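Trainee: Chains as they are written, first to last, in the working numbering: chain A, 1 to 221; chain B, 1 to 421; chain C, 1 to 575.
Hints were generated in silico from the structure; no laboratory data involved. Please note that the accuracy of each hint is not assured.
[To be verified] Partial chain A-side listing against chain B, Cβ under 10 Å, derived:
1) N11
2) V108
3) G129
[Claimed, not checked] Taking lysine to any residue and the SDA-like style, the derived pairs with C-alpha atoms no more than 25 Å apart in a straight line are:
4) C:K380 x C:I368
5) C:K2 x A:N14
6) B:K67 x C:P270
[As the list claims (entries may be wrong)] For each label pair, taking beta carbons as the anchor points, the in silico distance ranges come out as:
7) A:T140 x C:N319: 51 to 59 Å
8) C:N404 x A:T140: 26 to 34 Å
9) A:H89 x C:E332: 41 to 49 Å
10) A:T45 x C:N404: 39 to 47 Å
11) B:Y29 x C:H509: 56 to 64 Å
12) A:T140 x C:G433: 39 to 47 Å
13) C:Y392 x A:I197: 50 to 58 Å
14) A:T140 x C:S187: 29 to 37 Å
Predicted model only: the values in this text are computed from it and were never measured. Glycine is no exception: its CB is placed at the ideal position from the N, C-alpha and C atoms.
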Amino acid sequence: MNYAMALDYQNCINCKACEVACKEENGVQLGADKQRIWIGVVEGTIFGKPFANLYPSQCNHCIDAPCVSVCPTNASHFAQGGIVKVDAHKCILCKGCMEACPYDARFVDDTMVAVDKCTFCDHRSLVEGGTTACQATCPTKVRTFGDLDDENSDIVKLLKTKRFFFQKEYTGTLPKLFYILPNDETYAKQSVSHNTIIHTWEEIKPMYDQARNRRSTEWRK
Amino acid sequence: MEKIRFAGLDINKISIVQLLLNKTMLLGYVLLVFACIGIYEIFDVRYFSAAANAHASGLNPTDPALKEAMRLAVFGDVGEVNRNIPWTLFIVNYMYMIYTGSGVIFLVALAELMNFNLIAKAAAGFMVIGISMVFAGLFTIATDLNMLNMVWMVLTPNLNAGMWLMLPLYCTYIPFVLFEIYLVLTHKREWAKRLALPILVLSIGVDLVEYYIQAKLFSMNTARHLWTEFPFLTFYFIISAFVSSLGIMGIISFFAHRSKAEYKGLMDLIRRAMLFFVSLLGLYEIFGYMTVDKDWAFLILFGPFRYVYFTGYIFLTLALPFLCIVKARQPIFTLVASISVVVGGFVGRYLFVYGGNANPMSNRFGLGYEKYDFYALSKSFNYVAPHLGEIFIVVGSVGVVMVIYKLFDTLFSVNELREHH
Amino acid sequence: MKLVVVDPRFTNTAMHADTYVPIRPGTDLAFVLALTYVAIIDQVYNRSYVAKNFVDFDKYKKHIIESEYTPEWAEKITGVPAATICKIAHDFMASAPQAVYYQGRRTTWSKNDFQLRRAMALFTALGGGIDVKGGIVFGKKLPLGEHTTTAPMYANAKPRIDKNLAAVVGATGTWVGWRNMVEEGKSPYPIRGMFVYKQNPMLSVPNSAKTRTMFEKMDLVVVIDTMPSDTAMLADVILPECTYLEREDPVQSFAGIEPSIAIREKVIEPMYESKPVNEIMRGLAQKLSKPLWVITKKYDEDVQEELEDTAEDEFYEENGFDLAEPFMHDQEETNKHMFVEKYGEEAWGVLREKGVFYPNMLTYFKKIDNNTYEYYPKDKKFYSVLKLEEEYDPVAFLHDICVNPVDVADLKRSFNTPNKKVECFLGSMAAKGVDPMPVWRDEEYVNVPVGKFKFITGRHAQFTQNATQNNIMLLELMRENYLWINDKEAEALNIQFGDTVEVTSRVGHVRIKAYPTAKIVPQTVFYIHGFGAKSEGLTFAHRNGASDNEIIEDTIEPVHGCANMHETLVSIRRV
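Next comes chain A alone, as it looks inside the complex:
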């Protein structure tokens, strides 16, 4: 089992339903900065014409998660399927994980007195037919959560038919948020930088499987 999420981000309409659903589902602390998931916006003009890129973002649950490597008490750990989670009762708030994360996915939840982040809703997503709160509510079908090891899962079926890329791949963390390359050519050119490497499933699967084998001994049941 190796859980991941695919984001067909060209469908995102910035309705904020996923952000609200996540906070309510998981009881996240009230406050604008206390977001487990968010929509990143890059807007501007190209030759005087306005454009806007909407990037749904959250924790990438990286296979080589730097936040797990730096945590002194193993509060930040891998749960089943490689989901990165935080044991709040072990967190000493050294904030090393927040410094280590290249994606700004973590924040301090003052009510839990610990560092918090997206958990892929593992209290509801791991059952048959279950999914994360954000996928369940998204009106434009941006998100697909699933198991990369299951050939029949929605996510694998989707990734086999599309090309995709990752955020900040150069950090080498092997992230598991798969951003689907938009089929609209204009949007693809506008929202993907020319430094980004585009991947296919055949090419990425062996590398990710290898990494999974390497790290899965650390994945707690």
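Once you have looked at the hints, place chains B and C on chain A.
Mentor: Frame of chain A; chains B and C shown alone:
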């Protein structure tokens, strides 16, 4: 003064009042009060503020105080830790105090090895100031951490984490240094002489390991290129620490030894060492930024940090001291240089920590820094000024140094020059 | 599928468009007339469809061509390049009948709004895209049983006071027209009291100042609401209604391609002293029926006449003068009655359990994956519902998914119009002084003088009108509304992001923060609706942001009387 002999040590016989209520101690206490206020403020904002607990408290909708707290949570900023800048003045002070303090101890060990006798004579005092600063650094970081959960460091340790290695490191280092101090103070000279060399060598080894682990702590953060790409971070820490450590030694010498015959010689020794390390640091600063990711280097050299960098750091840590100590002159010049590097060294650590966080992580797709709604400006520079509580804690940590040093001095007269060997 | 968005603003929809067409607000009619011109002149419209399903097309064609609604003419008015207009017209007709000019939402934009929507519908119809998959579909509505009640007849009842304020005022009247008559004292009979249910006119209707004076003039204002809205704060009496979670709401039938019936059930008992509106009305009516009956008996001649022959109690009960009678049943009872009559007890059980029902739901409904559900199989969806003329077999044509939509479009249909066809010329309108065909009149367009801006309003997806103004989950993601202003014009006025500016119109002024952006056309400013509440009862909405209706002028569309939302001129200055 009357002394009590105990376990090879000469302990001064003095009253409790003299021990705990002399002028230096009282000044230390005043500073510690600052620390207490700071701790109270930080804890209040972090854990007990109504705004931090507003969401769950929304279950009591008729309470006006709670409504106000929820309004703060929605329209203001909640909590104390900013997600973009997690490591703040606490880490700056931790770095500064510990590296400088360890640097003093390291330098003393090196000096003894290389037979700089004047330093060796004042070893006791220097080593005590060093260990006091280490305690002050640990004190600062203890106020930042959730100490209630520290037991998990032992129960479920992550042995590869730089952060965890701090635990065995300081659990070994502190007793080790205390033992070194004991060796300097003890009457059992035969014994001390035999252990001297091996302990010295070990001491240098432990110090090197310490700086290595500290550098690992920073360089494991793959996302912060200022820390990961600064060349040979271990040596950068050592050299920059030595500069401030020599400054501390200069200041201590002024307070403790200025009326002694050895003063001029001691200060000249410190001057020459400082000149050497300041020059080395200067070279490092010039070449260091050439390899660092330009996004970070730009922010420090040409961006919003440039004033602090050039006036607060380059001027105070390199330029002014260099001018003061380049020629052999009266000790007062060395003293001025010492004060300058002590302040400038702190600024240097501040730039290092805040600089590492200054480049936002929000450029995730290579097309520019993201913002989180249309109605915002995307930020290309992250900075949050330290809270008042943090500043008070840092001020209070100076009090920790004073109190610990004075306690040692009152009991063991570490200010006295001792014959070595 | 190709999406073209025509908007003064680069909205979230425009972001996903294949083509974004910035346009000057209020000039859409010129744009549509030019599209029609191109379609007619270049003969790319669906000629067979028009031949079979239009009436008076030759009149319309003549009108369009003789008025010279060319793309070049439209370019001068709208700012949209003529080449773009031509291309869009051709692309649209090439995709027709699966091409729709979306009708639009939100009360009218400008004085020519009726003609604009008519021109849009006619343009879609020119492609054949009415009552066919991919076009304008009417959908089917699942029937519900009736819950009848007798309405009392009063001899002295007068027609609506706003009946003549526009050419064809509909059953729901014209709010702005009505309010202005009351506020200016021009009502034919005094209106001294008002019940407001669920609505928040102070925030939702143009010219808040007039709404306030109207309420202040009245002797009795009763507001039934779940929130202490701005309108509630002007009430003499507030009757608190409980929220949707605490009450059962009327069962609703949603028409569409995949019609369904939905119900909203109570999950907890009403809290504090709030009640569902049904109970409120019942309670009020029980107290008021008899005293009002006494007044009726005294002044109503028809009733007096009837009472000469009938017993009073019997007459009172049977003729609806017991005003509590419609509210005597619990909503659940009423719902059950209306639903079971058509679908039976078993279906009622399904509806209560699932919250949704449609015939064959249990066999049709399929979950494909976590993102995709099938509610109706393809061949069972209701794309075409109009009655076909006798020569066609509906089953063969409308429910066979192999039939080409172009062929489906071409069938002769019976439309729900007097001529049973698409009517290009409305003689009935001409009689009322309204143009029978869409005409562009320069004098109707509100020109923007130099130094001023036209104010337009709208929404963001996450906020629902002004009902969510106090919702912390939404406010923490977007704290207040901002004024959109063209970035170059903002620069000229030395306005930067976050600066507070004052926006002044003829009827009011507000202060709001500025958001200079390239996403809005010049001489136009915008901010979203639903902010700027003054009620102190709303902790988070209180004085948060700015209210659009505080500055929107209260002009009405001359055909149907709806409020013109996009014709206000404002001046901006930095404070």
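Trainee: Give a verdict on every hint.
Mentor: Going down the list of hints, with the structure as the test:
Hint status for N11 (chain A): violated, given a least beta-carbon distance of 17 Å to chain B, over 10 Å. At about 4 Å, the closest approach between the beta carbon of V108 (chain A) and any beta carbon in chain B falls short of 10 Å, and the interface hint on this residue holds. For G129 (chain A), the interface hint is violated, since its Cβ never comes within 10 Å of a Cβ in chain B; the closest pair sits about 30 Å apart. The straight-line distance between the Cα atoms of K380 (chain C) and I368 (chain C) is roughly 17 Å, inside the 25 Å bound, and the hint therefore holds.
Restraint check for K2 (chain C) and N14 (chain A): the C-alpha separation of about 21 Å stays at or below 25 Å, so the hint holds. In summary, the hint linking K67 (chain B) to P270 (chain C) is supported, as the alpha carbons are separated by about 22 Å, within the 25 Å threshold. In this structure, T140 (chain A) and N319 (chain C) meet the distance hint of 51 to 59 Å, their C-beta atoms being roughly 53 Å apart. Separated by about 29 Å at the C-beta atoms, N404 (chain C) and T140 (chain A) satisfy the suggested range of 26 to 34 Å.
For H89 (chain A) paired with E332 (chain C), a C-beta distance near 46 Å keeps the hint of 41 to 49 Å intact. Between T45 (chain A) and N404 (chain C) the CB atoms are about 42 Å apart, so this pair conforms to the stated range of 39 to 47 Å. At roughly 59 Å, the beta carbons of Y29 (chain B) and H509 (chain C) sit within the given window of 56 to 64 Å. The supplied range of 39 to 47 Å is met by T140 (chain A) and G433 (chain C), whose beta-carbon atoms lie about 45 Å from each other.
Evaluation of the 50 to 58 Å hint for Y392 (chain C) and I197 (chain A) yields a pass: the beta carbon distance comes to about 56 Å. Between T140 (chain A) and S187 (chain C), the C-beta spacing of about 48 Å breaks the proposed range 29 to 37 Å.
Hint compliance for this structure: hints 1, 3, 14 are broken, all remaining hints hold.
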